[in-house]
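Taking the hints into account, I'd like the entire structure generated from these sequences.
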Amino acid sequence: MTARIDHLVIVAASLEQGSRWCEATLGATPVAGGRHALMGTHNRLLAIGSEPFPDCYLEIIAIDPEAPSPARPRWFGIDEPALRAAVREQPRLVHAVARTRMVEMLRWGLINCGLNPGTLQAMQRDTPHGTLKWRLTLRDDGRTDCGGALPTLIEWQQGAHPCERLPPSGVALRSLALRGVPAQAIKVLRMPAVRFEEVRPVTAALNAPTAPSAPSAPSARVAPLCATLETPLGHVVLHGWH
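Going by our numbering, the letters in the sequence shown line up with residues 184 to 425, in that order.
Rather than coming from a laboratory, the hints here were simulated on the basis of the structure.
Take the hints with a grain of salt, since some may be wrong.
As the list claims (entries may be wrong) - Simulated DEER-style distance windows between Cβ atoms:
hint: 1; residue 1: E381; residue 2: T212; range: 31 to 41 Å
hint: 2; residue 1: V214; residue 2: A250; range: 16 to 26 Å
hint: 3; residue 1: H344; residue 2: W291; range: 19 to 29 Å
What the hints assert, rightly or not - Restricting the straight-line Cα-Cα distance to at most 25 Å, the calculated cross-link-like pairs of lysine to any residue (SDA-like) are:
hint: 4; residue 1: K370; residue 2: S358
hint: 5; residue 1: K316; residue 2: A254
hint: 6; residue 1: K370; residue 2: C329
hint: 7; residue 1: K370; residue 2: T185
hint: 8; residue 1: K370; residue 2: R318
hint: 9; residue 1: K316; residue 2: A220
hint: 10; residue 1: K316; residue 2: M285
hint: 11; residue 1: K370; residue 2: R357
hint: 12; residue 1: K370; residue 2: G297
hint: 13; residue 1: K316; residue 2: R284
hint: 14; residue 1: K370; residue 2: A360
hint: 15; residue 1: K316; residue 2: K370
hint: 16; residue 1: K370; residue 2: L303
hint: 17; residue 1: K316; residue 2: V214
hint: 18; residue 1: K316; residue 2: A343
hint: 19; residue 1: K316; residue 2: W291
hint: 20; residue 1: K316; residue 2: G232
hint: 21; residue 1: K316; residue 2: R187
hint: 22; residue 1: K316; residue 2: N299
hint: 23; residue 1: K316; residue 2: L349
hint: 24; residue 1: K370; residue 2: T302
hint: 25; residue 1: K316; residue 2: G217
hint: 26; residue 1: K370; residue 2: E380
hint: 27; residue 1: K370; residue 2: W291
hint: 28; residue 1: K316; residue 2: D247
hint: 29; residue 1: K370; residue 2: S233
Even glycine gets a Cβ: it sits at the ideal position worked out from N, Cα and C.
Right, dumping it as structure tokens:
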């Protein structure tokens, strides 16, 4: 294997809104994460690891109102006006991050496929247990490729992985579909458990929890990713915002 899903990214208008959504939708309460000084964001985390997706977590991220505006666009398209408007209604699943120990090699592999994963950026945040450091791919415009379906690559460098400090939540990621990633890029990533699909219509009510067997009404909008989670409230399907 080359990369594994590390975490899913939920963008919220505020961490308070994100926590309420998490409790109502997944039946679990996220715990405090930390602040990202370079991006002017902060987060809360929820363990969602499972046998197919070990050491995986859900990140609820929002603009930190106490932080100065960064000199560059924030990550995951958080500054995009359409996404800002959408998350005022409810938090949105926007992206997946994949961990690897070969981040530079995979980044160049994606570039050779004609994609734009971005450059490698060193990041860190303080935790009660010490400084956590990592490197990840980040585009200058803050956007993600393939409409969000191409995972951001992360390489953890210092400190314990976040999942080592997260309490059990009763939530588990059971399946993840990524839609619209070119075949050449899929060969570069070689990600176990992830289902890569061609782009196709999904339900119009993106991010609304639905039973996996529920009928889907055709829509002009296409979700770049779709996650199925087992929760204390039953199976929940989240469609990525696009």
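Mind listing which of the numbered hints don't hold for this structure, in increasing order? 15
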